[in-house]
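What follows is each chain in one-letter form.
Number of protein chains: 2
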Amino acid sequence: MAILVQKFGGTSVANAEKIRRAAQRALQAHKEGYQVVVVASARGKQTDHLIADAKELNDAPPRREMDMLLATGEIQTVSLFAIALWDMGQKAISFTGQQAGFMTDDAHSKARIERLEVGRVRGMLDEGHIVIVAGFQGINAVGDITTLGRGGSDTSAVALAAALGAERCDIYTDVDGIYTTDPRIYTKAVKMEQISYDEILEMANLGAGVMHGRSIEFGKKYNVPIYVRSSLNDNPGTLITHEVPHMENILVSGATIQRNLAKITLLGVDNKPGNAATIFAHLASKRVSVNDIIQTEVSAEKANLSFTVAHSDLDVARQAITDIRSQVHCSSVAVRDDLAEVSVVGVGMQSHYGVAEKMFTALAHKQINIDSITTSEIRISCLVNLEQAETALIAVCDAFELDKPAAERQV
Amino acid sequence: MAILVQKFGGTSVANAEKIRRAAQRALQAHKEGYQVVVVASARGKQTDHLIADAKELNDAPPRREMDMLLATGEIQTVSLFAIALWDMGQKAISFTGQQAGFMTDDAHSKARIERLEVGRVRGMLDEGHIVIVAGFQGINAVGDITTLGRGGSDTSAVALAAALGAERCDIYTDVDGIYTTDPRIYTKAVKMEQISYDEILEMANLGAGVMHGRSIEFGKKYNVPIYVRSSLNDNPGTLITHEVPHMENILVSGATIQRNLAKITLLGVDNKPGNAATIFAHLASKRVSVNDIIQTEVSAEKANLSFTVAHSDLDVARQAITDIRSQVHCSSVAVRDDLAEVSVVGVGMQSHYGVAEKMFTALAHKQINIDSITTSEIRISCLVNLEQAETALIAVCDAFELDKPAAERQV
Chain H
0 MAILVQKFGG TSVANAEKIR RAAQRALQAH KEGYQVVVVA SARGKQTDHL IADAKELNDA
60 PPRREMDMLL ATGEIQTVSL FAIALWDMGQ KAISFTGQQA GFMTDDAHSK ARIERLEVGR
120 VRGMLDEGHI VIVAGFQGIN AVGDITTLGR GGSDTSAVAL AAALGAERCD IYTDVDGIYT
180 TDPRIYTKAV KMEQISYDEI LEMANLGAGV MHGRSIEFGK KYNVPIYVRS SLNDNPGTLI
240 THEVPHMENI LVSGATIQRN LAKITLLGVD NKPGNAATIF AHLASKRVSV NDIIQTEVSA
300 EKANLSFTVA HSDLDVARQA ITDIRSQVHC SSVAVRDDLA EVSVVGVGMQ SHYGVAEKMF
360 TALAHKQINI DSITTSEIRI SCLVNLEQAE TALIAVCDAF ELDKPAAERQ V
Chain Z
0 MAILVQKFGG TSVANAEKIR RAAQRALQAH KEGYQVVVVA SARGKQTDHL IADAKELNDA
60 PPRREMDMLL ATGEIQTVSL FAIALWDMGQ KAISFTGQQA GFMTDDAHSK ARIERLEVGR
120 VRGMLDEGHI VIVAGFQGIN AVGDITTLGR GGSDTSAVAL AAALGAERCD IYTDVDGIYT
180 TDPRIYTKAV KMEQISYDEI LEMANLGAGV MHGRSIEFGK KYNVPIYVRS SLNDNPGTLI
240 THEVPHMENI LVSGATIQRN LAKITLLGVD NKPGNAATIF AHLASKRVSV NDIIQTEVSA
300 EKANLSFTVA HSDLDVARQA ITDIRSQVHC SSVAVRDDLA EVSVVGVGMQ SHYGVAEKMF
360 TALAHKQINI DSITTSEIRI SCLVNLEQAE TALIAVCDAF ELDKPAAERQ V
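For the protein sequence lines, the chains are H and Z, in the order given.
Sequential numbering of the first sequence, starting at 0, is according to the numbering used here.
Sequential numbering of the second sequence, starting at 0, is according to the numbering used here.
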């Protein structure tokens, strides 16, 4: 019998009415002949409330205890979900992360799944139960509760789908799929029918917040089709799969904007092997997450080295550079915190020329200055002035016709 | 190093301020040289809220799922408790019932502790932690979460104290000890310094709600001194121990009142062996909890059989008797639901005459009619009219001088 994993986020189970509606979806799939596994998050703002409760007692609560505390949010949802299903006459059983077999490492608050023992889940499915699993959590080797960090419930769901060989993992959320770009800025944005893991990974990393990168990586690695759809209606959503042939005809699948970026430039650094490594190793040791890196050779001896970081990391990054400056003989440091990054993403651009040119032309037409450019195989990103960023995104979306379904585009 | 177990009830950990105050008590005991284990209940009304959440989804939620749901309340308290202790600079670790080693049977919502594996608790104590354990919960053989039912956190605490060989188990609550009787009725009631397990067991069963009988039975069986005291102040509380010699000088330790009682009388039942067994086996099969039983012989062939039940069980009990009536040749059935039971309890009465006489005289002076009388070795109970019950309790308390500390009484 085919297995379907359904994941419901916090807004989709925020109250009794919503839990009942989500339970109806699980029941429907069960009636259609699927063995159904539900993964659920904490209800509504529960996690925020628990964090506030902890902060009232301790500004820096220990991570082990936070994991113990926060894991209760998901456990409450899944037991209530099972209770709702029994009321509908459906056999159901809820599991904590531990009971569902999620064995993780010791990294409290951002644990990685090491092993998933699905024997008990499978047994309950075979007995005709709908199985409801608390997302976001597992246990480590000594039996302490761990949590998987941001996007953790999505990761739980995709991992379960992989381990069970599920036909698909449905992610129910409060948006009805993934759009070509942020509709709050580009109102003509359209929903994508399908997108590849690689594209959505680039978009996730660039700040398109629908799904966290880790769960997509899991889906890609274990070949789990992920279907992002709304819990509020039955509109078709967006299917995330491996690249399929027709995708290559689409030049650009989506565009993103990433604000709150700062660029730090080290001017006149000694142009010799190992200097970049020294700098970024030091930043990593301070837990600064570096986005893009751009190095330009000024002369045979000197280079300028730039990188971008989130605003939240700027102070730490600036201090880190101050520490290391003399060691790499940097003559001066420049910081800009008024930049944003506009990017286009598409597997099609690997085999097409002219994407970069089309993007730059669109920006030039709007008198938008490009501070710097970075690219990957399926992405082109431009740093622009923050106050021009939305105009830039709209111009790029128009240029690549992101207001039309992929099949109808002329570019 | 001596071990102290401290148990904090829901009202004693209802908010951040109260958790901090409770944590200070644990820290104080640790500074005094104890290894400290804390057992905590769910915060304030959390359990009630969770029950309401479940009932919104299902009138009869399955017990396994309710246990899963309710257990989160205690887990939240203990992680927050540990977080508060770390803020005070104290090493602390919280445990679920499972992590603390509570292995129970399968009886969801009223599980019994089968085994307590305290290795990890002991290890953490030896490393200098204060260990905070979620009360009320354990797991069964397949790893499902169970709860221990009413008074479960007290039972968890006393069981841990027994397994760890603790010097004492302190029960922090919102009253400052156990009183000779209910001070809301007999305003002159005084706090008892000390009381025996047997006496408090009788009083608990008679409706004096300070502690649940199961935890006292545990304390008695494993010889754990239990100290009931207030979490709001440092007043001395009441110590529950095995009977000590001076207790025998106290005729009556306390008095209780039990309202909401109904008495069912089967008139003219065949006076032959096995009839009572038939009746009470049938009542038990309907899950009716019978309090007192009184049988009187009417003739060689016929007897009247009375028993009392809580009002909440009356309908079921009445139906059960209707079912079985003809089988025992009962000529008619009388029901009174306007009765209350007033009792006196004391280990001293075992070796003293005149306690019953003193009680009956006190009631007679107030023109209180006694419907029926039952006794045990350390208890005398009288059923009286409900509207005279408070007057009866006051009369009895005055007669046995329950407004005075035990040492000062003349009776």
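Calculated directly from the structure, the hints in this document are not laboratory data.
Check each hint, because a few of them may be wrong.
Simulated restraints, written as ranges between beta carbons of each label pair [as the list claims (entries may be wrong)]:
| # | chain 1 | residue 1 | chain 2 | residue 2 | range |
| --- | --- | --- | --- | --- | --- |
| 1 | Z | V243 | H | D105 | 55 to 61 Å |
| 2 | H | H281 | Z | Y221 | 55 to 61 Å |
| 3 | Z | N248 | H | D105 | 58 to 64 Å |
| 4 | Z | G32 | H | L231 | 57 to 63 Å |
| 5 | H | H281 | Z | M87 | 31 to 37 Å |
| 6 | Z | N14 | H | D105 | 29 to 35 Å |
| 7 | H | K109 | Z | V243 | 38 to 44 Å |
| 8 | H | D105 | Z | K403 | 32 to 38 Å |
| 9 | Z | I50 | H | R119 | 24 to 30 Å |
| 10 | Z | Y221 | H | S311 | 38 to 44 Å |
| 11 | H | K109 | Z | T186 | 38 to 44 Å |
| 12 | Z | V334 | H | G32 | 52 to 58 Å |
| 13 | Z | T321 | H | R114 | 30 to 36 Å |
| 14 | H | R119 | Z | G164 | 33 to 39 Å |
Ideal Cβ positions, reconstructed from N, Cα and C, are used throughout, including at glycine.
Do the hints match the structure? See the list:
Between Z:V243 and H:D105, the C-beta spacing of about 50 Å breaks the proposed range 55 to 61 Å. At about 59 Å, the beta-carbon gap between H:H281 and Z:Y221 stays in the expected band of 55 to 61 Å. Distance hint check for Z:N248 and H:D105: the Cβ-Cβ separation is about 60 Å, which falls inside the suggested range of 58 to 64 Å. Separated by about 59 Å at the C-beta atoms, Z:G32 and H:L231 satisfy the suggested range of 57 to 63 Å.
For the pair H:H281 and Z:M87, the beta carbons lie near 35 Å from each other, so the given range of 31 to 37 Å is met. A hinted range of 29 to 35 Å holds for the C-beta pair Z:N14 and H:D105, which are about 32 Å apart. For H:K109 and Z:V243, the Cβ-Cβ distance of about 56 Å falls outside the hinted range of 38 to 44 Å, so the restraint is violated. Checking the proposed 32 to 38 Å range against H:D105 and Z:K403 shows it is violated: the Cβ atoms sit about 60 Å from each other.
In this structure the hint that Z:I50 and H:R119 lie 24 to 30 Å apart at CB holds, the actual value being about 27 Å. Range check, Z:Y221 to H:S311: about 54 Å between beta-carbon atoms, so the 38 to 44 Å window is missed. Distance hint check: the CB atoms of H:K109 and Z:T186 are about 58 Å apart, inconsistent with the given range 38 to 44 Å. At roughly 55 Å, the beta carbons of Z:V334 and H:G32 sit within the given window of 52 to 58 Å.
Checked against the hint of 30 to 36 Å, the pair Z:T321 and H:R114 fails, with Cβ atoms roughly 59 Å apart. At about 36 Å, the beta-carbon gap between H:R119 and Z:G164 stays in the expected band of 33 to 39 Å.
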